[in-house]
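K.L.:
What follows is the residue order along each chain.
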Amino acid sequence: MDLSFNAKERAFQDEVRDFIAKNLTDEMKRATALTPSVFSDPDIGMAWQRALNARGWGAPGWPVEHGGPDWTPAQRWIFETESARAGVPNVNVMGVKMVGPVIIGFGSPEQKNFYLPRILSGEDYWCQGYSEPGSGSDLASLKTRAVRDGDDYIINGTKIWTTHAHHANRMFALVRTSDGPRQQDGISFVLIDMKTSGITTRPILTIGGDHEVNQVFFDDVRVPVANRVGDEGKGWTYGKYLLEFERGSGIASAKLREGLKAISELALSDLTGRAIDSPDIATRISEVEVDIDALEMTELRVLSALQTGQNPGAVSSILKLRNSEIRQAVTRLGADVIGHDALAVEPMRPLYKLNHEPAMPEEMLTVVPEYLNGRAYTIFGGTSEIQRDIIAKMMLGI
Amino acid sequence: MDLNLSDEQRLLRESAERFVAESYDANHRRKMANDPLGYSPAVWKQFAELGWLALPIAEEFGGLGGGAVETGILMEAFGRGLVSEPYVATVVLGAALVDMCGSTAQKQARLPRIADGSLKLAFAHSERAARFDLSKVATAAHKTAQGWRLAGHKIAVLDGHAADEIIVSANIHDPQGPSGRIGLFLVPARTPSLTISDYPRLGGGRACNIELSEVHLPEDALLGDGHDALPAIEAAIDRAMAALGAEAVGIMQTLLDTTLEYTKIRKQFGRPLSANQVIRHRLADMAMQVDEARSIALRAALKIDAEPVERARAASGAKAKIGRCARFIGEQAIQLHGGMGVTEELEVGAYFKRLVAFDTLFGGSAHHYRRHAELGRTAISA
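Residue numbers (our numbering), protein chains in the order written: chain A, 374 to 771; chain V, 23 to 404.
Treat the hints with care, since some could be wrong.
As the list claims (entries may be wrong) - Derived lysine-lysine pairs resembling DSS-like cross-links, with alpha carbons at most 25 Å apart:
hint : chain 1 : residue 1 : chain 2 : residue 2
1    : A       : K485      : A       : K395
2    : V       : K289      : A       : K766
3    : A       : K634      : A       : K395
4    : V       : K286      : V       : K53
5    : A       : K485      : A       : K470
6    : V       : K286      : A       : K766
To be verified - If you want the ones that stay clear, here's a sample from chain V, every Cβ over 12 Å from chain A, calculated:
hint : residue
7    : K67
8    : F83
9    : G87
10   : S125
11   : A254
12   : A342
13   : G360
To be verified - Which bits of chain V does chain A cover? Going by a derived footprint, with three or more residues having C-beta under 8 Å, they are:
hint : stretch
14   : 27 to 41
15   : 298 to 307
Because the hints were derived from the structure by calculation, they are not lab data. The model shown is predicted, which means the values in this text are computed figures rather than measured ones. Ideal Cβ placement from N, Cα and C applies to all residues, glycine included.
Input sequences plus hints: build the corresponding full structure.
P.N.:
Next up, the structure:
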């Protein structure tokens, strides 16, 4: 057993650091640090995606024939860790990490040829049409309906919590094409052009003051049958496959560590009257740090298993759960560390383009919005309660 | 970067698990709980034959040259059977102190004998007034014309009753040398004016309090050359905490397995307990915490030879985190067994008690989160 990287991996680490140093502009870095929502705005995120793609690193998890870099799990770990340390933009994962793998796994050759290059280049910006107002954790109860009409489906219904629908030109969605004996049957996976007539988008503001999610309405929206991925009625299988990717990207500890580092720096600074001098704050920082250490070790254990071709199993649910809980602990700690400054609200967005002097130091601007928005981490991608059900079923067999 | 077990580590795990499963059953544990010695000399002999007593000792002293990871593998298996042999006192603490502080002659006289099973050690350091502060030692060692004179009280000495030789820490009073040094002294167990009061330890095994009233020792009873032994004491106790953390993981895994089985079998309101979501989620939390504890214990083992602050933070972080997981899993295991969990008729309580002892030994979770925080600030200001 060994925690250190070998010579080849260290060389790769230098390569990644070098790439980041050359491509990450101060503007991107500042904008990322001042973004209290999950994903960077498209102008920032896609600029980074283009830089990655130019280097051949646009889609780390994809097979080589579709443009993946053919990295080992250790290389992916190094890439993600170095990216988190440097504070690179949070690229919208809906294209590269979500719809991309589904198209690669189940799409037609035409779909692969058309969509995959456009995801890599950032030409297409994707959003995800899964949840509905009546279908949250019970996703398979979804009601948005696609009725066949010649070579088209006609879609009616509504999707909610649609991240960046207001920026996206494409949506992948689960829609009901028939009513089977089980509600999971009769669901299909379709790719929708957001400019199609009949689609309207309503913004939803989160409690942190950010516009990241939306509700999307479909009113007799015509989508070519050719835009269906895989078989009609098999969408649930593809959708579940994708959720595994959403949960099990598996490398989150480096980002958590950077988040805690920022909070610790505030606690050490005169801006907070040296909050760290209060023993309860100092101890809480340690508690969170140790939780991150444990999560990191679990991630490395999974990575080691993957390197030798073993299947890590239901541990992806543990990783999702712990990542979300620790992230909330970090943001809660942050809100406590900044003390009185937690009372001030800065409603303008984006925070990196403020045209006035804010009520608090710039390093504190995202702290409370991140805490508030961060409540969503234990809700999206399968709530913590759903994850516990999965652990009980898959790991414990009950 | 590779956290998979090597072939040798896999073999060690398999043989340790097999030994515990075959030889260390509930009957054996019950017998040991009422045994005045608290462990079995025959089992100790088997440990020697299996090479486990030689595991962390350097090859030049007749050992196998294993590291903290190997010790952890063995200890996790020990935890599954609540092994009560004085392994930590002798092979982890004792051997580490002799190895770090001893002269070549002192090492040669002891390490090979630990490895072959003919020498057992114990470490007497804790004192009532010091609580968990390792630097606070009131026991005094005065330099005399013939050697040393020791006086003081030690408490909570792990397996002191079983030791042939006890390593006693004391403040060195030597007009010729610098002051403020802690020395380690090798005290034969049968030294006159050394009083050992031993008692059964919570969760199995034994511990003792030791009174030293004017104990006279020869010059060479001092381990090493009289340098301040505090850094070595901290390193040895970090090593013991990593080993005990791995043992706690084995205990927690057994409690999880046992509780899971019970909730599948036990029926109330016409269905198994495990059919209720509140029970399923509790078990999921327990499984998650066993996994977290396993990760952080492994981390402490892998960092045991790192520079002192990094090593100590990893050890304290692990001790604190595993202590929390241990309390949660132990208390929930009892809760989910219902009334039977509170009785001596099931073994759940014995495993729980060993976890409570683990959390208490060398300081509980709160103490170690504090140490972790203080060392973190040292690291920042350095």
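K.L.:
Each hint: holds or not?
P.N.:
Now the hints, each set against the structure:
1. A:K485 with A:K395: violated (31 Å)
2. V:K289 with A:K766: holds (19 Å)
3. A:K634 with A:K395: Holds - the C-alpha atoms of A:K395 and A:K634 are around 24 Å apart, at most 25 Å.
4. V:K286 with V:K53: Distance ~30 Å between V:K286 and V:K53 Cα, so the pair is violated.
5. A:K485 with A:K470: Given pair A:K485, A:K470 holds - Cα atoms ~15 Å apart, limit 25 Å.
6. V:K286 with A:K766: Holds, because 13 Å separates the two Cα atoms, which is no more than 25 Å.
7. K67: The claim holds: V:K67 sits with its nearest Cβ about 30 Å from chain A, beyond 12 Å.
8. F83: holds (24 Å)
9. G87: holds (15 Å)
10. S125: holds (32 Å)
11. A254: holds (24 Å)
12. A342: For V:A342, whose nearest Cβ neighbour in chain A is about 6 Å away, the distance does not exceed 12 Å, so it is violated.
13. G360: It holds; V:G360 is separated from chain A by about 17 Å at its closest Cβ, greater than 12 Å.
14. 27 to 41: holds (count 3)
15. 298 to 307: holds (count 6)
Hint compliance for this structure: hints 1, 4, 12 are broken, all remaining hints hold.
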